[in-house]
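Student: Per the working numbering, the sequence shown runs over residues 4 to 325.
What the hints contain is simulated information worked out from the structure, not anything from laboratory work. Cβ coordinates follow ideal geometry from the N, Cα and C atoms, glycine included. A hint or two may mislead.
Stated by the list, open to error - Within a straight-line C-alpha distance of at most 30 Å, the following computed DSSO-like cross-link-like pairs (lysine-lysine) qualify:
1. Lys163 with Lys284
2. Lys163 with Lys110
3. Lys296 with Lys180
4. Lys251 with Lys110
5. Lys296 with Lys103
6. Lys103 with Lys174
7. Lys163 with Lys318
8. Lys103 with Lys93
9. Lys318 with Lys110
10. Lys284 with Lys180
11. Lys180 with Lys163
12. Lys107 with Lys93
13. Lys180 with Lys107
14. Lys103 with Lys163
15. Lys107 with Lys163
16. Lys163 with Lys296
17. Lys284 with Lys296
18. Lys93 with Lys110
19. Lys174 with Lys93
20. Lys174 with Lys163
21. Lys251 with Lys206
22. Lys284 with Lys251
23. Lys107 with Lys284
24. Lys251 with Lys93
25. Lys103 with Lys318
26. Lys251 with Lys107
To be verified - Pairwise CB distance ranges, derived in the manner of DEER restraints:
27. Thr79 with Asn197: 37 to 45 Å
28. Phe322 with Glu289: 43 to 51 Å
29. Glu248 with Gly113: 25 to 33 Å
30. Thr72 with Glu290: 27 to 35 Å
31. Ser204 with Pro247: 40 to 48 Å
32. Phe322 with Ser204: 32 to 40 Å
33. Glu290 with Lys107: 28 to 36 Å
34. Glu254 with Thr309: 51 to 59 Å
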Amino acid sequence: MKSRNNNNQNIQQRTTSSENKTPLSKRRLKTKPTLTVLAILLVGNVFWFVLWILASFNSGSSSSEAVATVDGETITRQQWMASMENLYGKETLHSLINEKVMEKAAKAYGIQVNDEEIDLELSLIRSTQDGTDHSLEILEDTQLRQKVRSQLILEKVLTKDIVIEEEAVLKFYEENKNLFNIPTTYRTSLIVVNNINDAQSVKQELTNGSEFSVLARERSLDTSSASLGGNIGYITTSQTNIDPEIPKVIENLEMNEISEPFLLSDGQYGIAYVTEIIESKSFTYEEVQEHIKRELAIDQLSSTVTPEMFWDEFKASSFYLN
Numbered sequence: 004m005k006s007r008n009n010n011n012q013n014i015q016q017r018t019t020s021s022e023n024k025t026p027l028s029k030r031r032l033k034t035k036p037t038l039t040v041l042a043i044l045l046v047g048n049v050f051w052f053v054l055w056i057l058a059s060f061n062s063g064s065s066s067s068e069a070v071a072t073v074d075g076e077t078i079t080r081q082q083w084m085a086s087m088e089n090l091y092g093k094e095t096l097h098s099l100i101n102e103k104v105m106e107k108a109a110k111a112y113g114i115q116v117n118d119e120e121i122d123l124e125l126s127l128i129r130s131t132q133d134g135t136d137h138s139l140e141i142l143e144d145t146q147l148r149q150k151v152r153s154q155l156i157l158e159k160v161l162t163k164d165i166v167i168e169e170e171a172v173l174k175f176y177e178e179n180k181n182l183f184n185i186p187t188t189y190r191t192s193l194i195v196v197n198n199i200n201d202a203q204s205v206k207q208e209l210t211n212g213s214e215f216s217v218l219a220r221e222r223s224l225d226t227s228s229a230s231l232g233g234n235i236g237y238i239t240t241s242q243t244n245i246d247p248e249i250p251k252v253i254e255n256l257e258m259n260e261i262s263e264p265f266l267l268s269d270g271q272y273g274i275a276y277v278t279e280i281i282e283s284k285s286f287t288y289e290e291v292q293e294h295i296k297r298e299l300a301i302d303q304l305s306s307t308v309t310p311e312m313f314w315d316e317f318k319a320s321s322f323y324l325n
């Protein structure tokens with residue numbers, strides 16, 4: 004087993020004390036950390052889906068129960084579960100192990116992560132989320148916060164011994180204040196149909212009490228969001244990577260309000276549903292100082308370091324590795 008001192012030395016060998024040659028003003032602070040978090044969340048999405056299946060399996064269902072049929076031939080729950088394990092078993096288990104390992108690391112290294120830090124990270128992640136990326140949308144809030152917490156623990160452990168001068172932190176903040184001016188975001192769901200008649204039909208069903216997510220799965224032509232119940236993520240009114248008509252509509256909606264049918268730029272029709280509104284916020288230097296310091300320290304790591312490097316230290320193992 005590696006000692007914590009040896010592990011620290013390994014981390015230090017992966018760092019450099021030299022100033023990153025990229026000018027601070029040219030860096031996009033959250034790009035790399037955001038992608039790292041979202042990559043972890045993609046595994047997390049699979050993890051929570053598999054847990055849902057396991058809960059269903061353990062609720063008394065028989066392993067021979069038919070979950071599908073093809074021309075009279077059945078696909079059993081047992082076959083389905085075996086296929087799920089083959090596809091996602093290793094990633095799901097390792098995601099669980101990594102979370103446990105990071106909690107152990109937090110205790111061992113005296114790392115604290117508070118709710119305010121998680122809130123800040125979520126605000127920054129959502130503000131840079133690509134409208135075509137739905138990795139934030141599947142997780143429940145508590146699950147998402149746990150994923151971000153694990154990422155923060157990892158970053159804090161890796162950077163705790165790296166010294167960043169206050170001058171560099173302040174310089175970055177002054178040159179990149181726009182990164183910390185978070186616009187109002189609208190968590191939005193969308194149903195897309197071919198024509199106004201279809202749109203009015205959908206609107207009538209919604210008025211009669213049908214669930215938006217159910218109708219989105221059944222009738223929306225936007226295949227990327229239909230499987231998510233129409234959820235297209237957190238949208239801002241200045242966003243340019245979605246149909247320009249959508250921001251115009253959602254900024255006039257209240258939370259939990261469904262729009263009237265509207266014409267999209269491609270000739271199809273949409274119906275939007277705002278499920279959450281997060282008001283704009285400008286973070287002060289004091290609020291983001293530690294965040295910037297940590298991310299500048301991460302820039303000094305010469306290679307990517309993942310939770311797996313701590314497995315030996317905390318005696319983690321997996322039967323997939325045996």
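Student: If a hint holds in the structure, say so; if it does not, say that too.
Tutor: Quick rundown of the hints versus the structure:
In summary, the hint linking Lys163 to Lys284 is supported, as the alpha carbons are separated by about 28 Å, within the 30 Å threshold. Between Lys163 and Lys110, the direct Cα distance comes to roughly 14 Å. Compliance with the 30 Å bound is thereby established for this hinted pair. Restraint check for Lys296 and Lys180: satisfied, since their Cα atoms lie roughly 15 Å apart, inside the 30 Å limit. At most 30 Å may separate the alpha-carbon atoms for a hinted pair to count; Lys251 and Lys110 exceed this at roughly 48 Å.
With a C-alpha separation of about 26 Å, the suggested pair Lys296 and Lys103 falls inside the 30 Å cut-off, and the hint holds. Between Lys103 and Lys174 the alpha-carbon distance is near 36 Å, which puts this suggested pair outside the 30 Å criterion. The straight-line distance between the Cα atoms of Lys163 and Lys318 is roughly 22 Å, inside the 30 Å bound, and the hint therefore holds. For a cut-off of 30 Å, the pair hint linking Lys103 to Lys93 stands: about 15 Å separates their Cα positions.
A threshold of 30 Å between alpha carbons decides the hint, and for Lys318 with Lys110 the separation of about 15 Å falls inside it, so the pair holds. Proximity of Lys284 to Lys180 is assessed by CA-CA distance (about 12 Å); at most 30 Å being required, the pair is judged to hold. Between Lys180 and Lys163 the CA atoms are separated by roughly 25 Å; this keeps the pair inside 30 Å, and the hint holds. At roughly 21 Å between alpha-carbon atoms, Lys107 and Lys93 fall within 30 Å of each other, so this suggested pair holds.
Taking the CA atoms of Lys180 and Lys107, the gap is about 35 Å. The hint is violated against a cut of 30 Å. Note on Lys103 and Lys163: the hinted pairing holds, with a Cα-Cα distance of about 20 Å set against a maximum of 30 Å. For the suggested pair Lys107 and Lys163, the alpha carbons sit about 16 Å apart, so the restraint of at most 30 Å is met. The straight-line distance between the Cα atoms of Lys163 and Lys296 is roughly 10 Å, inside the 30 Å bound, and the hint therefore holds.
Straight-line distance between C-alpha atoms of Lys284 and Lys296 comes to about 20 Å, which keeps the hinted pair within the 30 Å bound. Of the pairs offered as hints, the one joining Lys93 and Lys110 holds, with about 26 Å between alpha carbons and a cut-off of 30 Å not exceeded. Straight-line distance between C-alpha atoms of Lys174 and Lys93 comes to about 43 Å, which puts the hinted pair past the 30 Å bound. Between Lys174 and Lys163 the alpha-carbon distance is near 21 Å, which keeps this suggested pair within the 30 Å criterion.
Taking the CA atoms of Lys251 and Lys206, the gap is near 19 Å; set against the 30 Å cutoff, the hint holds. For the hint pairing Lys284 with Lys251, the CA-to-CA distance comes to about 21 Å; that is within 30 Å, so the pair holds. Restraint check: the Cα-Cα separation between Lys107 and Lys284 comes to about 34 Å, which exceeds 30 Å; the hinted pair is violated. The suggested pairing of Lys251 with Lys93 is violated, with an alpha-carbon distance near 44 Å, which exceeds 30 Å.
Taken as a hint, the Lys103 and Lys318 pair is honoured in the structure, with Cα atoms around 11 Å apart against an allowance of 30 Å. Our distance criterion of 30 Å between C-alpha atoms is broken by Lys251 and Lys107, whose separation comes to about 47 Å. Checking the proposed 37 to 45 Å range against Thr79 and Asn197 shows it holds: the Cβ atoms sit about 38 Å from each other. Distance hint check for Phe322 and Glu289: the Cβ-Cβ separation is about 47 Å, which falls inside the suggested range of 43 to 51 Å.
In this structure the supplied range 25 to 33 Å is violated for Glu248 paired with Gly113, their Cβ-Cβ distance being about 51 Å. Our hint of 27 to 35 Å for Thr72 and Glu290 is violated, since their Cβ atoms are close to 56 Å apart. Roughly 25 Å separates the CB atoms of Ser204 and Pro247, a value that falls outside the hinted 40 to 48 Å. Roughly 52 Å separates the CB atoms of Phe322 and Ser204, a value that falls outside the hinted 32 to 40 Å.
For the pair Glu290 and Lys107, the beta carbons lie near 29 Å from each other, so the given range of 28 to 36 Å is met. A hinted range of 51 to 59 Å is violated for the C-beta pair Glu254 and Thr309, which are about 40 Å apart.
Hints 4, 6, 13, 19, 23, 24, 26, 29, 30, 31, 32 and 34 from the list above are not met by this structure, while the remaining hints are.
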